[in-house]
Every structure is written in C-alpha cells, then in structure tokens.
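Dock chain B against chain A, hints included.
There are 2 protein chains.
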Amino acid sequence: MNIEEYVNKLAVGAKEASRGLSHASTTVKDSFLSHLSQSLVESRETLKGANQKDIDAAKDAGLSKAIIDRLLLNDSGIQSMAEGLKTVISLKDPVGEVMEGWRRPNGILIEKVRVPLGVIVIIYESRPDATVEAASLCLKAGNAAILRGGKEAINSNLALYALIKGSLKKAGLDERSIQLVETTDRTAVDYLLKAEGLVDVIIPRGGEGLIRSVAEKSRIPVIKHYKGVCHVYVDEYADLEKAERICYNAKVQRPATCNAMETMLVHEKVAGSFLPRIGKKLQGARVEIRGCPMTRKHLTWAKEATEEDWYAEYLDLILAVRVVPSVVAAIDHIARYGSSHSDAIVTENITHANKFTNEVDSAAVYVNASTRLTDGGQFGMGAEIGISTDKLHARGPMGLKELTSYKYVIHGEGQIRE
Amino acid sequence: MNIEEYVNKLAVGAKEASRGLSHASTTVKDSFLSHLSQSLVESRETLKGANQKDIDAAKDAGLSKAIIDRLLLNDSGIQSMAEGLKTVISLKDPVGEVMEGWRRPNGILIEKVRVPLGVIVIIYESRPDATVEAASLCLKAGNAAILRGGKEAINSNLALYALIKGSLKKAGLDERSIQLVETTDRTAVDYLLKAEGLVDVIIPRGGEGLIRSVAEKSRIPVIKHYKGVCHVYVDEYADLEKAERICYNAKVQRPATCNAMETMLVHEKVAGSFLPRIGKKLQGARVEIRGCPMTRKHLTWAKEATEEDWYAEYLDLILAVRVVPSVVAAIDHIARYGSSHSDAIVTENITHANKFTNEVDSAAVYVNASTRLTDGGQFGMGAEIGISTDKLHARGPMGLKELTSYKYVIHGEGQIRE
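One line per chain: the protein sequences are A and B, in this order.
Quick note: the working numbering has the first sequence finishing at residue 418, numbered continuously throughout.
Quick note: the working numbering has the second sequence finishing at residue 418, numbered continuously throughout.
Bound-form chain A, shown alone (with noise of 0.2 Å):
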C-alpha cells in the first residue's frame, strides 16, 4: 500500500462527505448513535475476540499494566460506550443555532450560525472506547472526522470501525463520514498533518511528546491538549475545614488526571494550622510531599522541593508544597510555573477571591471548589472530547459546540456597498 495515496484518498473522501454531514439532520445523525450503540452490545462478543488480541500482543511485547489496563475493552466497558452513546443522543444539536443576528442600517440582516468545523483528524492512544467517543461527538456536530487509534489498539480499532461503518449505512450517511486510519505505519500521521485544504483541524490527545511532535509538524491548525500543573492556593482567609477537603480531593480523588493538584501553595499565616492537618490527612493516602523550607518546619517528613517540582506534572501521589507570604505572591508562583490549566484559592476574603480570579489566567480559575471539577460532564456539557490548554477556538473541557465554527448569512433586497 502506498501510504501517501492511502490517507489522500481518506481525506479526501472525508472531505466529500462533509460537505452532505453539514447539513444532514439531527435525526440521520441520532438514528447513527442509536444503531451504533446497539450494535455494540450484539457484538460484544466479536469486540471481546479482536480485543484480546490485543491483549495478548500487549503482553508478549512486555507493556505495562497500566496500558494494558487502557487497552481492556470487557463487557462494562463495551456498555459503558453503549451507554455513552445515548448520552450524546440526548445532547442538543449545536448545528444551525443562530447565535446572534441583528438588523443593519440598510436594511440587511445579518445572522450568526453555527455550523460544523468540517474534518476532523483525532490522533490519540491505546484507549479503544475514545474511537466511539469521537466518533460520536464529531459526528453529532456535524462532521466528517479520521480517527488515528494506538497502534496497541488496531484489532479492537477494527472491529469498533465495521460497527461504526455498519451504523453510518443502516442512517444512510456517506460511509467515509467517520474513517479509521487502518495501517499503523507511522508516516499516515506525517501525510494527515499536510493534507492541507481538506483537513480543518486536529486534536491530539495523549501524552505531551505525541502533542508537541504533532504541533511541530502540523500545517493545520492544532487544538492541543496539554499538561495540567494546577495548584491550590490556601489564603490566609481561608475556611480551613474547606480547604483540607478540596486538597485532598483535588490531590488524592485520582492523581493521574490533568486537573490533579500538582502543587499546593499555603499563606504563611496559616502555615503553621493549616500544614500539620492537611499532610496527616496526605500522608495517610500516602502521598509524597516536596515541600520549601518553611513547609519543613511544620512537616519534618516531607522532602526538600527543587525548582524543577514546581513545573512538575507528577500525575502521581506526590506534592510539592511551598509557604507564600500573600496572595500577589501565589498568583506569581501561578503564572510562572503553571500550565493555565485549572487553579483555585481557597478564602472567605472576597477581596482576595476576586483578585485571584481576575489576575490568574488559566482556562478554569475556582474559588473554594476542587480542580478536579474541570471536566465537560461536570461543567455540564453532556461528554468532552478533551481539555484544551490553548486559548484560541477552545478553552478548557471541549464539548459538542467546540467542535463547531460558524458562518454569517446575510439577508438583503438588492443593498450594495456605497
């Protein structure tokens, strides 16, 4: 197989069938979800045959644990999917909305509208349940997307993609609206970040190295989705019983997420309360602490932090700690060794509150409430396709309308521009 040939075809096809997807109704896109979730379940047992296949590879190759896990596609999982779809039936359509308009001078009226972004290319990892995920939320906002699965994943990939296929026929959608990269040679990615004028945009979602060679690379625009470096800031006003749940829960609830505290910053005039409670309550989940000097007066145990932990993304049980002397000082910290993914300061000090969530510029800034809470269905957006960590199009959890664009359609009698 030429590759080059291989993935022009793909986007192109994709192309093509974006162009009928724009406009395709939300019950043809619905009746697609719905046959896709079923299928799932009558074919659980073929998805688990491909799935162990993948499996056994994993293991032979020697992969750790923790992948192998990512890779499992077992009979809850395959209804969780099953289920998620139907989730994203219950979702509004974002097509179409008309999201402002107004009358001109002469006469003309100008309306906002919401429609699809186009094709989109999504590269990620080993997870196979993220192949239905963003088929689904591509395709519910309307368009054509490839999907470019680890190559840990290819049998379980296959398999999911004959479902998809067979669902986008029983809806009577072009086939090529959804398409699965099916070779796992590394060039098909090279090929899909220059296909230029057929591709609109892509959405990495894996570690940081996938990204940023992703980024490097890309001619087309790149959402990216970066690490996460979130702090919590206790002030010297905060309600300490408060800020012991939210660390806790922001550190401890699952530590390998992107929205995980990564560095816990203390106001030195609750150091001395607030440190003793807070690293007993730690140090029975077991977590390491990587404190500055002043965090070590009042935790003996803890380890000495470096510079490098604080632009540290453990993605672990550890924590690095640092005494600050106000509240200016835990925004400088922030703005220097964060991520602008999602921080928060814990006061009752309206002033301080304020001032945290004006000058801190991250995508989620929280007042007295956990990181952990960055995430599309806690916001409410029904599912996420990621976090973007740039600024431009996206911040923050992506749901179904950020994966849209908009155009302007102007209504007139014969106004020309004098």
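Errors might be hidden in some of the hints.
Same chains, same label: a pair holds when it works inside one copy or across any pair of copies.
[Unchecked claim] Below, a list of computed lysine-lysine pairs in the DSBU-like style, where the Cα atoms sit at most 35 Å apart:
(1) K194 / K401
(2) K194 / K217
(3) K15 / K269
(4) K227 / K9
(5) K355 / K169
Keep in mind that the hints were calculated from the coordinates and are not lab data.
Here is chain B on its own, set in the frame of chain A:
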C-alpha cells in the same frame, strides 16, 4: 544587534506587560487611545517628514505607484487615523463580559468570562496606518502586541511608534504593551514564529505568499486571511434588476479587495436576458470578461475562460463568467473553485435561497446583497483587524471580540469531585 536576543526580549516584555493589561480598566485603555489620537494630530509634521523618507526611498528603489500610494501618509490620512482611534474608544470593551453562566446540581456557579488572548504578533506590509489600527484594536481588547511592518514603511512606523510609546506612558500603561520590531532584518520574523509560550497568536496580513510562509513556519497558532474568490450566482428566479445592481457593485466598486466578485454564475434560463444587460454595464466600466462557451454566445466580445480562471483572484477589472444549469451546479462550482470567503445568490425563490445558505460553506453567504458588504464596519463591529478565512477561532470579519479568548470562573463553597 543579536536578532534572536532582541526578539526574545520583545516577546518576554510583551508577555510580562500582558499580565497587567489583561485586567487594565477600560478607562486606562481608552486614555491611551485618546492620547495617541491627539498626538497624531499634534505631530503631523514630524510624521509627514518621516514618511517622506520612506517615499523617497521607495521612489529610488523604483517601487510601483500602487505601493507608493499605500505608503503615503498625508494630512487626511493622519486625520483619519486620529478619528479611527476615537471610533475604537467608542466600542464596548469586550474584556470581562460574562458570556454565559449556569449553576450545576452540586451548587457550583460556572461563569464563562471573556479575557484577552494575551500576546498578539501582527505581521503586515507597507501601509503605515495599519500600525495604529493594529495597536489600538489589540490594546482595547487587553492584548499586548508586537508589530512587524513592511520594511518600506520603517521610518513612518518608527515615528508612529514614538507616539505610541509616549501615549502608553501618559496612560500609565507598561511601555511594552505595544512594541514595534525596530529592525527590518528578516530573521526577526522567524524568531517571532518560534516564540512559543510567549506569543499566543500570529496574525499575518498581506499577500498570499506572506501568509503561506508564516503559516508553514509558525509553531504558534496563526489566524489566516487568505484570498477571496467570491461568487455571485444569478438564479433562474432572480430579480434581474437586483442582480444587475449587486453584480455591478460586487465587481466594480473596489475590485482590488478580497470581497469583490471574481466569478459570476448565471442560470441558463436567464442567461439570454441577463448577460447582455450586465455585459453592457460591465463593458462600460472596462471590465474584461472571460466566459464559458455559453457565456460567449451571449457576449461575443468576451474572452474564453480557461480552467485557471475559475480559481483566479484577479483583484482587478476582470471577471470570469459561467452559465450553469441549476442552483446545485452553482453550489458545486463554489465548493470546487471558491475560497470560502463571501458568496451570494440572487433569487426570489425561498427554497433556492435556503439551499444556497445551508450548503455553501463560506464565511459570509448572501441572499440578494453584494459580497462587498463583508467588512467589520459594514457588519457593525466598528473596526476590524482583517477578515479570517480560517474556520477555527474566528471566521469572517475580526473585530474586538475576535481578539479575545475566555476562561471559566467557578464559584464554590467547598465542592469536590465525588
């Protein structure tokens, strides 16, 4: 001067300045605009003197009359820059707008708040008034800007930059809020395009070559302003009087702009009545017509159109004309040859109008109005930094709002992720 160090200093300075600017009050930002407006008028003679150097150099270098015209800064040009600034003062500050807000079942209040993009790099060609326009729009939207103008305008730009710096100082703003690249060394642009983490977005304005080269080299998101191959389709149900007015305006009123009509599509049923009529009018305005064989039956004096003509952005008094059998054929032609900028249908038939607006994928789609209306001023945005042909982030005319991003501010009372 070490260009890399110099550019890095500009970018670091802009990033630092952007932190304060992001929450600068509207009063302070407007005070800058007001001081600048006043100083432009007061320093008229200095500006004209500096501009004369550029004009002389351009003449010595044998540059075209068109370029020299664009370079020229005379009294009326200076006056209109000063008035443009007053218009920007009158525009609503987009920063801080609560775009949406909702409460979740767990009690958290989520607000989506408009914030500046951060640091914007504008790369443009020889018009010195673009310097003031870009500076004023970026700053009003709370962004720091790094401006890189054409080398032909360097003396004019340096003189304007002195006034900008003075006005920033008078307003009490960081002088690094707006910075001009003071060298004409070409490598400066290359370094700017690599300033990831410091610069948030690049906006190139100018010819297609400039924009393509920036888009290919940049590691930072680029908002592109590509060409406009705009169409007017005269439907079988067109009011031919409206069609004549619109087509004439779209082609002749200002042919060198990106929203001028480049190809006219005419339904075969009205070709016999419409083509001689519009042909005569266009001939009177010295428009050269390049037609398909059917067109040339009705306009025997027209030249023969080649395949390249359907793709052409003439920016001149030249028009490609094609007779088509249906609205579907018109839509297909636009999908194949168009540039997704601005396209119009002239029709009295609502089904055809709806089909056209639903299926033509362009930034602005018109029913019975001229494509020349695609413009920030005409749309009521007050001012524009350009017209985006991208689908990501901003599409069509870009005003102040399009120079912003947003963040989520979440107010809680101790909520955590369960």
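Going through the hints against the structure:
1. Taking the closest pair of Cα atoms, K194 and K401 come within 35 Å of each other both inside a single copy (26 Å) and across two copies (30 Å).
2. In the homo-oligomer, the alpha carbons of K194 and K217 lie at most 35 Å apart both inside one protomer (8 Å) and across protomers (13 Å), since each shortest distance falls under that limit.
3. For the homomeric pair K15 and K269, the shortest alpha-carbon distance between copies (31 Å) is at most 35 Å, but the shortest distance inside one copy (60 Å) is not.
4. For a Cα distance limit of 35 Å, the shortest separation of K227 from K9 qualifies both inside one copy, at 33 Å, and across copies, at 26 Å.
5. For the identical chains of this complex, K355 and K169 are inter-copy neighbours only, at 24 Å across copies versus 54 Å inside a copy, given an alpha-carbon limit of 35 Å.
Hint compliance for this structure: no hint is broken.
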